[in-house]
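The listed protein sequences derive, respectively, from chains X and B.
Residues 1 to 280 (full-length UniProt numbering) make up the first sequence, in order.
Residues 1 to 209 (full-length UniProt numbering) make up the second sequence, in order.
These are computed hints drawn from the structure, not numbers from a lab.
Just some of the chain B residues that point at chain X, by a computed CB distance under 8 Å:
hint	residue
1	Ser130
2	Gly131
3	Gly132
4	Ser158
5	Leu159
6	Asp160
7	Ala166
8	Arg169
9	Leu191
10	Ala193
11	Glu194
Distance ranges between label pairs, derived from CB positions:
hint	chain 1	residue 1	chain 2	residue 2	range
12	X	Ala93	B	Arg178	50 to 60 Å
13	B	His127	X	Arg118	23 to 33 Å
14	X	Gly41	B	Asn89	29 to 39 Å
Using N, Cα and C, we set each Cβ at its ideal position, and we do this for glycine too.
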Amino acid sequence: MNRRELDVSVESAALDVRDLRVAFVQYERGLRRRVVEAVRGMTLSAHPGEVVALVGASGAGKSLFGHAVLGMLPPNARATGEVRLGGRLLDEAARRRLAGRGLVLLPQGGSYLDPTARVGAQVRRAARLAGRRDPAAAAREALAERGLEAGVERLYPHELSGGMARRVVGAVAGVGDPAVVIADEPTPGLHPEAVAAALQGLRRTADGGAAVVLITHDLRGALGVSDRVVVCRAGSTVDEAAVADFAGDGAGLAHPYTRALWQALPGHGFRAPAEPGAAS
Amino acid sequence: MSLVLDDVSYRYPRVAGWAVRGASLVVAPGEVVGLAGPSGCGKSTLGKLACGVLVPAEGRVVVDDGPARPRRGARLVQLVHQDPVAAMNPRWRVRAVLDEADPTGSSLADPVVGALVETGWLDRYPHEISGGELQRVSLARALLAKPTYLVADEISASLDPLTQAALWRDLLGVVRERGLGVLAVSHDAALLAEVADRVVSVGGGTLAV
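Isolated chain X, as found in the complex (with noise of 0.2 Å):
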């Protein structure tokens, strides 16, 4: 199912989210039961052309928002809450079944291409399994698209370097014409060209019609692309703003958690949080 078949509409948002829990069951020694809740409600919703940051330190959840999302969560977690895709409340299993198609996850870095394969074969692949009547056209166009020629194709994944490899994973992502688009952490361990390369890449995947959430902690780099900003913390999301109202001294901005991130920016105050460590 791709953006097309999917049937979203500026109305109905193309993802919403509402109240996300993400639990693990672990084990300790003697085989204590133990349940952490990694996820403490979260809520977000992103309409097509929009892209919607998700920001928070590492450690509050953000990367666990993008996987339960697609169903991907280990056997050990549970996940819990609403999630609606054009409108329709999908189980997990559904949402693991769109998976690759009308729903896919950018995953942090190029890692997730599979070593042992051409970079044109992989792209063939995930166009042939999102139903493109050409698989090999839409892969070349899909590679053409994030400035790739058409050499790379005959590339395996460790000849490229680490901005090309995030263009592939973009290419493999994207060939689909997905109406969701997950990007967890596009940027880090990037070149400053890069970083903006690949957050251009998802404001025009968004202009093209899809629905982007935007996963970072990159506060100012996620100002630069995104139309609002979901503000999370420990596993919950605390706030929405809108972009406009990170300005000045952040005195638009509602929320103490999100005034405080904006006031620790270089340039708007570089103000640290109170206790060593208390951002961490």
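Please arrange chain B on chain X, whose structure you already have, making use of the hints.
Relative to chain X, chain B alone:
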């Protein structure tokens, strides 16, 4: 007494062209010097030359009138990387990571280290604490070697704004209290404007002040 890079040049083996060419730089105790420039301009190479990880092909590095790589003891210039996970043995607990730099086993007795590292992290493995927490451990380990200078290579590029501001607040505290000299490598001009006393731009392996 200062960290001096005197007309240093470096080229990587089997790579055409110089990564750093005729660069000179001085970092005084208690001074934070920012090193800015686009990717691939040689700023990280310059940082590695300053701390003795690389040896210049031409020119010399002098640390408080001595060599960059003393024959005994820890180097006076320590390096902190961007990615703390890659800088630590994944099979060592945080306690062992810190004890490597301070074999007395009383790492947390040092007030600076005590402020950086929480007791609760000591029995965890690197992947069991957050990236921001682990970078604090990495900084603490470098400081336990009692350096007089520190090369901070993009140490907060992977951190959220609050964690970044807290890390730098604590590092700048050490700069003030102990006269630590810092060479801060970053692509982020706004960050360098906050933390550095002066900023040096690198382009094509050479410096422009």
